[in-house]
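Peer 1: Residues per chain, in single letters:
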Amino acid sequence: MIEVEQLAKRFVVRRGRFRRERHVVEAVRDISFRVERGELLGYLGPNGAGKSTTIKMLTGILVPSSGRVVVAGMTPSRQRIELAKRIGAMFGQRIQLWWDLPLLDSFELLRHIYKVPADRYRTNLARFRDVLDLDPFLHTPVRQLSLGQRIRGELTAAMLHGPELLFLDEPTIGLDVVAKQRVRDFLIGINRQDGVTVLLTTHDLGDIERMCERLLVIDHGSLIWDGAITELRERYGAERTLIVDLEEPAPPLDIPGTRVERVDGPRQWLRFRGPAAELTARVAANAGLVDLQIAEPDIEEIVRRIYSTGRPAEVHQERRPGDGPAAGAE
Amino acid sequence: MAEAVLLWGRLVGAQIRSQAQYRVSLALELSGTFLLSFLDFLAILVIFENTPRLAEWNVREVAFLYALSSISFALTDLLIGHLDQFPQKIRDGNFDIMLVRPRGTLFQVLGSDFQMRRLGRATQGIVVLVYALSTLHVHWTVARVVVLLVSVPAGIVIFASVWVVFGCLAFWTTDGGEFTNAFTYGGTFLAQYPIDIYSAWLRRFLAYAVPLAFVCYFPALFVLGKHDPLGLPRVLQLASPLVGVLAATVAGIAWRFAVRHYRSAGG
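These protein sequence lines map, in sequence, to chains A and B.
So the first sequence is numbered by our numbering: it starts at 1 and just counts up by one.
So the second sequence is numbered by our numbering: it starts at 1 and just counts up by one.
Same shape as in the complex, but just chain A (with noise of 0.2 Å):
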């Protein structure tokens, strides 16, 4: 569905008032990652690795500096108009709906830009109507929206001429617990029911883990990770944090197959692997326990953790192109 082979794009961006300098930016560096049909894959990074970039490559905005690119069999810089027909876009960040009117004309509106046969465009919609529940704001102007209900819209936007590929970036950016789970359960219908591929860049760790058996991961334009995600959490993530607030300050606890981390008066940092559950019981047995929290890794931690282990020379891949080692770089 998607193939990646040493793709790389690099700006020129001028620096300096009066004594213009050239400077060119890697946003992206020579990555090669290749996708088949019906994978939902997850695109992490930091921001500014090139997660972004990389999809506008994906979907043919912009044109690469070197590599090569097929997406559904097609060359996306120079198939724009036609590759846009077969794939889907989402920008959490950006509006595609249209901002004065009700959300139900922007997709009688996106009906006729993609030529969706009228028949079609009923099923999807009643589909998408009854999945994301659009009826209670269906009539409503679009700037009326919340974030929540603007998100299931955008979804909805970009589904409704029957995409076979799928480009999120940041869709549950900003959601609330209830609304992230909303679109996350519909992502992962879309991908089973429909086969629909998916791939989603986010720098939310909840989001991969709920969706995505494998995951790439890009750091200032090089990718570091290609592989599944029980692995690379066996490998950097596994340790989460336990957040203690006891009654009164007290010295470290010593508590089996836990490191203190940090303390500070009453409250302690406890790391482990493992479920919490038999731990958070170990640590009210030992002292009068107030509250506690327990901390995933966050994306930046996990790339902290890759690279001090030992960035590996090699991207670690499970899966690599067929056609053996890539050729050299032009």
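Take these hints with a grain of salt, some might be off.
[As the list claims (entries may be wrong)] DSSO-like cross-link-like pairs, simulated, lysine-lysine; straight-line CA separation at most 27 Å:
1. A:Lys-85 x B:Lys-89
2. A:Lys-85 x A:Lys-115
3. A:Lys-115 x B:Lys-226
[Unchecked claim] Simulated restraints on C-beta separations:
4. A:Arg-14 x B:Asn-58: 25 to 31 Å
5. B:Ala-43 x A:Met-74: 54 to 60 Å
6. A:Arg-120 x B:Gly-225: 58 to 64 Å
7. B:Ala-43 x A:Arg-120: 53 to 59 Å
8. A:Arg-10 x B:Pro-102: 27 to 33 Å
9. A:Gly-195 x B:Val-146: 43 to 49 Å
10. A:Arg-129 x B:Ser-134: 54 to 60 Å
11. A:Gly-195 x B:Gln-85: 49 to 55 Å
[Said to hold, decoys possible] Rough simulated footprint, nothing fancy, chain B against chain A, three-plus residues with beta-carbon under 8 Å:
12. 83-89
13. 94-100
14. 103-112
15. 224-232
No wet-lab data here; the hints were simulated from the structure.
We treat Cβ as the ideally placed atom computed from N, Cα and C, and that holds for glycine.
Dock chain B against chain A, hints included.
Peer 2: Same frame as chain A, now just chain B:
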């Protein structure tokens, strides 16, 4: 092509419906623009309070010129007036949305923001045109009627092309709005007066570089049967539609070039 026109109609129709929901606001805006645009015309009347003629033009003739320019300008503004907010669209990344849709980008820009309040100015132009024609005693021939009728769509195409060409700058500067306005709004202002009152370089600029003289000056000479004070070839007076086609071609090429630049360097 027919399908594209139909789609454009739908895009515009949806926006008209949404603006029509706020009747009072729309009525106020329409009458506001209608009345405000008379201030322009008032400036012309003030000039003629002090002098009976401007070069070889009297007040009624200048009114005719003004009306032609005003109608074309207002209708162009209606179609692509939001092009001056285009830099914002690029900065926000909203232009990217257009690039992932299976339609031409310029087409999408044309259908993306249709503001009915701008009809107020077109109405004002028609009122001035009626006034001018009713006092001018034009000797009507078929050819003159045709030139008058054709001059408005030709004028729209010329204005629109000039705006698109300068709008393209947004892809490089992302903040060139004021520079662009100098040519779009500024040029329009110049075109409201007979170009023979300007110095030679400015005349040439308006006739050949940014061809706004073809919006109203040349057609007006023909319709009014005036002798061209500049002695330019008479064929120029009929050339507006051709100039429109040329300008649109240049604008189309410039747009393509600009979008290509954006896609290879931009983001």
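Peer 1: Each hint needs a verdict: does it hold in this structure or not?
Peer 2: Here is how each hint holds up against the structure:
no.: 1; hint: A:Lys-85 x B:Lys-89; in the structure: holds, 23 Å
no.: 2; hint: A:Lys-85 x A:Lys-115; in the structure: holds, 9 Å
no.: 3; hint: A:Lys-115 x B:Lys-226; in the structure: violated, 51 Å
no.: 4; hint: A:Arg-14 x B:Asn-58: 25 to 31 Å; in the structure: violated, 53 Å
no.: 5; hint: B:Ala-43 x A:Met-74: 54 to 60 Å; in the structure: holds, 56 Å
no.: 6; hint: A:Arg-120 x B:Gly-225: 58 to 64 Å; in the structure: holds, 60 Å
no.: 7; hint: B:Ala-43 x A:Arg-120: 53 to 59 Å; in the structure: holds, 57 Å
no.: 8; hint: A:Arg-10 x B:Pro-102: 27 to 33 Å; in the structure: holds, 28 Å
no.: 9; hint: A:Gly-195 x B:Val-146: 43 to 49 Å; in the structure: violated, 60 Å
no.: 10; hint: A:Arg-129 x B:Ser-134: 54 to 60 Å; in the structure: holds, 57 Å
no.: 11; hint: A:Gly-195 x B:Gln-85: 49 to 55 Å; in the structure: violated, 41 Å
no.: 12; hint: 83-89; in the structure: holds (count 4)
no.: 13; hint: 94-100; in the structure: holds (count 5)
no.: 14; hint: 103-112; in the structure: holds (count 4)
no.: 15; hint: 224-232; in the structure: violated (count 0)
Going down the numbered hints, you'll see the structure goes against 3, 4, 9, 11, 15, while the others check out.
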